[in-house]
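A.B. asks: One-letter residues, chain by chain:
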Amino acid sequence: MLAAFRQQFRNWAFRRTVETGTVVLNQRRIYILPSRQGFGFAFVLVLMLLGDINYNLSLGYVLTFLLTTTGGMTMLHAFRNMAQLEIRAGYVEPVFAGGQAKFVFHFNNPGRMERYQLHLHDDDGHHIVFDLPAQRSTPVEFAIPALQRGWLDSGRLTLYTRFPLGLFHAWSYIHFDVRGLVYPKPAPSQPLPPAAAEDGAGKVSAPGDEDFSGLRNYVVGDAMPRIAWKALAREQGLQVKQFSAPQGHTLWLDWSLLPNIAQERKLELLTRWVLDAELKGMRYGLRTPGSELQPAQGNTHRAECLRALALFGMAQL
Amino acid sequence: MKITAPLGSPLVFGLIACILLVSAPHAAHLPLWVSTVCVSLLAWRAYLTYSGNPLPARWLLLGITVACVLAIAIAFRSLFGREVGVTLLVLLVTLKLLELRTVRDATILVYLSCFIIITNFFYSQSIPTALYMLFTLLVIMATWVHMQTGTLALKPRLRIAVILLLQAIPLSLIIFVLFPRVQGPLWGMPQDAYASSGLSDTMAPGTMSKLSLSDAVAFRVTFNDKVPSREQMYWRGPVLWNYDGTTWSRGRNATLQRPMLTETNTPANYTVTLEPHNKRWLFALDMPEKLSIPADLAPDFQLLSREPVVARTRYNATSFLAYRANLDEPPQQLQRALALPQGYNPQTRRLAAEWRAGSDTDTALISKALAYYSQNAFEYTLEPPLLGLNSVDEFLFTIRKGFCEHYAGSFVVLMRAAGIPARVVTGYQGGEYNDLGGYYILRQSDAHAWAEVWLHDQGWVRIDPTAAISPARIQSGLNAALPDNTVLPFLIRTQSPLLLKLRFNLDALTNQWNQWVLGYDTERQFAFLTRLGMEDVTWQKLALNMLAGVSLLVGLFTLVMLRRLVVRQTDAVQAAWLKICRKLGKAGWPRAPHEGAMDYADRIAAARPDLAADIYDIAARYASLRYGGEPEKDGLAAFRNAVRAFKL
Numbered sequence: 020m021l022a023a024f025r026q027q028f029r030n031w032a033f034r035r036t037v038e039t040g041t042v043v044l045n046q047r048r049i050y051i052l053p054s055r056q057g058f059g060f061a062f063v064l065v066l067m068l069l070g071d072i073n074y075n076l077s078l079g080y081v082l083t084f085l086l087t088t089t090g091g092m093t094m095l096h097a098f099r100n101m102a103q104l105e106i107r108a109g110y111v112e113p114v115f116a117g118g119q120a121k122f123v124f125h126f127n128n129p130g131r132m133e134r135y136q137l138h139l140h141d142d143d144g145h146h147i148v149f150d151l152p153a154q155r156s157t158p159v160e161f162a163i164p165a166l167q168r169g170w171l172d173s174g175r176l177t178l179y180t181r182f183p184l185g186l187f188h189a190w191s192y193i194h195f196d197v198r199g200l201v202y203p204k205p206a207p208s209q210p211l212p213p214a215a216a217e218d219g220a221g222k223v224s225a226p227g228d229e230d231f232s233g234l235r236n237y238v239v240g241d242a243m244p245r246i247a248w249k250a251l252a253r254e255q256g257l258q259v260k261q262f263s264a265p266q267g268h269t270l271w272l273d274w275s276l277l278p279n280i281a282q283e284r285k286l287e288l289l290t291r292w293v294l295d296a297e298l299k300g301m302r303y304g305l306r307t308p309g310s311e312l313q314p315a316q317g318n319t320h321r322a323e324c325l326r327a328l329a330l331f332g333m334a335q336l
Numbered sequence: 127m128k129i130t131a132p133l134g135s136p137l138v139f140g141l142i143a144c145i146l147l148v149s150a151p152h153a154a155h156l157p158l159w160v161s162t163v164c165v166s167l168l169a170w171r172a173y174l175t176y177s178g179n180p181l182p183a184r185w186l187l188l189g190i191t192v193a194c195v196l197a198i199a200i201a202f203r204s205l206f207g208r209e210v211g212v213t214l215l216v217l218l219v220t221l222k223l224l225e226l227r228t229v230r231d232a233t234i235l236v237y238l239s240c241f242i243i244i245t246n247f248f249y250s251q252s253i254p255t256a257l258y259m260l261f262t263l264l265v266i267m268a269t270w271v272h273m274q275t276g277t278l279a280l281k282p283r284l285r286i287a288v289i290l291l292l293q294a295i296p297l298s299l300i301i302f303v304l305f306p307r308v309q310g311p312l313w314g315m316p317q318d319a320y321a322s323s324g325l326s327d328t329m330a331p332g333t334m335s336k337l338s339l340s341d342a343v344a345f346r347v348t349f350n351d352k353v354p355s356r357e358q359m360y361w362r363g364p365v366l367w368n369y370d371g372t373t374w375s376r377g378r379n380a381t382l383q384r385p386m387l388t389e390t391n392t393p394a395n396y397t398v399t400l401e402p403h404n405k406r407w408l409f410a411l412d413m414p415e416k417l418s419i420p421a422d423l424a425p426d427f428q429l430l431s432r433e434p435v436v437a438r439t440r441y442n443a444t445s446f447l448a449y450r451a452n453l454d455e456p457p458q459q460l461q462r463a464l465a466l467p468q469g470y471n472p473q474t475r476r477l478a479a480e481w482r483a484g485s486d487t488d489t490a491l492i493s494k495a496l497a498y499y500s501q502n503a504f505e506y507t508l509e510p511p512l513l514g515l516n517s518v519d520e521f522l523f524t525i526r527k528g529f530c531e532h533y534a535g536s537f538v539v540l541m542r543a544a545g546i547p548a549r550v551v552t553g554y555q556g557g558e559y560n561d562l563g564g565y566y567i568l569r570q571s572d573a574h575a576w577a578e579v580w581l582h583d584q585g586w587v588r589i590d591p592t593a594a595i596s597p598a599r600i601q602s603g604l605n606a607a608l609p610d611n612t613v614l615p616f617l618i619r620t621q622s623p624l625l626l627k628l629r630f631n632l633d634a635l636t637n638q639w640n641q642w643v644l645g646y647d648t649e650r651q652f653a654f655l656t657r658l659g660m661e662d663v664t665w666q667k668l669a670l671n672m673l674a675g676v677s678l679l680v681g682l683f684t685l686v687m688l689r690r691l692v693v694r695q696t697d698a699v700q701a702a703w704l705k706i707c708r709k710l711g712k713a714g715w716p717r718a719p720h721e722g723a724m725d726y727a728d729r730i731a732a733a734r735p736d737l738a739a740d741i742y743d744i745a746a747r748y749a750s751l752r753y754g755g756e757p758e759k760d761g762l763a764a765f766r767n768a769v770r771a772f773k774l
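Protein chains in written order, with this note's numbering: chain A, 20 to 336; chain B, 127 to 774.
Rather than coming from a laboratory, the hints here were simulated on the basis of the structure.
Be aware that a few hints might be false.
As the list claims (entries may be wrong) - Computed footprint of chain B on chain A; a stretch qualifies when at least three of its residues, placed anywhere within it, have a C-beta under 8 Å from a C-beta of chain B: (1) 47-54; (2) 65-72; (3) 98-111; (4) 196-206; (5) 278-285.
Quick reminder that beta carbons are idealized off the backbone N, C-alpha and C, glycines included.
Taking the hints into account, I'd like the entire structure generated from these sequences.
C.D. replies: Laid out in structure tokens, this is it:
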């Protein structure tokens, strides 16, 4: 009840829209409050002051005031430790559900002073600590577990510091318009469905990876066994052997031909097949209710298929 | 968010150093076994950290703690009071180190370390203590920063700690001067709060000579106008009436009548800064008339403060050096001044009776007595032989060696035996002038005892029998009066001009420190701020000024600290290129942010064909310096020359 109220208050007090581009931490974005340790320290100081007054300890006064002003000044140091940092969100590599989505934020420290002990965390307790060297941009990787397929939002993140003495808690919220794509989790290995001829329904032929059909230039992601090592030895550059299924034979990964299992299981199975088909260098197409991707091959095609599976049934693409 | 990082061994060593530093000054007054236990525990912790062994089990720690607390309770017979409190604190903090596991534990230890520093001030607040405190604070800060930054190297950590302290010093100075002082204490202090030193209210043979071996400062005096001569500087302390055959004590005054001074002359105004001695009496020149702090003037002209003097106390006093004191002393007081214990010192009584019979007046008798001292080869010495039952007889007739208490005591006994009311007065005599500070220092070694007799027409008159046998003691001080081979405290003995000067310098510094730092109380604050031009000092005004001063300084710090937060780095090549862009921009062709050097040159060349050659040259040089990988040294000068030569 209280927690819910607090959450609501925070949402109201610190409401900010999702941001794009580069965010500069200025004094309007940095909040500072004493930490629990800070309150504890204040209590100790009050005790000291009472002792000074009671025993008339002049040097005690000096010490108490030294500690008080040091403590007070750390507020400014905490603020300075965060002020004027420039933060930009980077590209998030797609991941499979069950993995860790790595959100990258580029923290630029434009000042002459190193920034120490910055903590970045989200509301679910994921947390990292880092320092920022002076006059440099530092990529900071913030990993969030990708639990389900679709778009993953980093949510509102909190950046805070307690430098230098832990007496003050200076923090700022950052919520970038950045999301990571989460592919469905691939199902356990399953044999690929048979490749079907383009024309004949149900006409079965052997998988078409025996007929050598020529060489093409290597593209990143091509499977190692397909590299034409002999061609490389002939100094013809890195080339890949292309085996195509016999003319007219191509692999269709078809939603409608799958057994009657749950929708998510179907997506997981199709994901697995897309990966396997690509690995085997086959041409494959993907048919799902409402969309059809023509048979093709290569990383771009693979990414397109996986994306279609990740966002299957979601309102916005 | 709670972070529980394991504590690295450098941090643990830092904490051990902090605790060692803050506890070390306590070693002087802690029982030896407590210091030993603490050092062993610290060494154990250091060994565990060094070897990476696990910390001791909780039951073991609990056992040690209980044993230690019990031992302290037995040794001190109590668990309350200041001494016990400090001992417990030091011991428990050391034990806490052995169960140091999280950052939270470390934080508590740091706080407690600061607290232990303050307990050091119960025992010493001298300048070296203050400097030591600053050093300790630096180590604590560095450890504290370490706790928060984890892996940071020692040098940047120290730098942060130094910056924090340097910023705090001027700020706390402002607060120290302006913070409204409250006159303590807020609650009753335990009796053990202050050790007493100095004069006591009894005098037996050996009391004064023992005191003479201490060169501790009793009080310091600044004269506001004319300085009296040294022979007149008798600083009056406890007045002793009762004599039991060996010991003189104050007894109880038989009257409540206020003492009366008549025919007063030669006033002296001066300020006394009295070191705490945990007794009620205050010191003033014979005879005190007025005092700036609340105090009682007893019927025998003894000044008594309302409370024991437990803190350094400053007061202004006025005395009259010429006076008639209590011409009409009540008879019951005179009775006290004639009492002698029965059965002691028969020889002395006989001598007094002889003198009485042979003298017409009291004055003549007194002269006779003083002559007796000066003519019978009495010796002034710090180490008189022990005296027996009839101590005055032995002293006057056989031994004839003694210190001021022997002379004053025997003289008063003689007077009383002869029927002249007399009493012993203790206090300090003389003083050492510090011409750097312009004040007199009275040390314990200046402690003195003299006599007062009551005469019908003159009241109480001071007679110093010591002056009769050793005039040098009164005129030049103890050092001149004693033979050279006497063991005296170092500070009194030194006569080397260099050492003397050094000693005066040090004492002047100490005095300034005592007056302005340690003695900065409500009154001093008021006087100081009034002198600075603040009118009508109230606590509201102080608070406002304090706030203003602190805000101003913090504002200044903020400006300096936030100045260097954004520094755009431009190298020489870029700077020169930006210069030409600015030049052209002013002329009406600003470079678009996305525009490359060559594109920009194209555009300028199209607009101003006359500049085409120059701008292409510059752009080409820029591109080659920036992207061509050409070593900068060679091309840079030429590029800058081209930029400088460029004219629109």
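A.B. asks: A separate judgement is required for each hint: does it hold in the structure or not?
C.D. replies: Verification of the hints:
1. 47-54: violated (count 0)
2. 65-72: holds (count 6)
3. 98-111: holds (count 3)
4. 196-206: violated (count 0)
5. 278-285: This one is violated; 0 residues, fewer than the three required, reach chain B with a Cβ under 8 Å.
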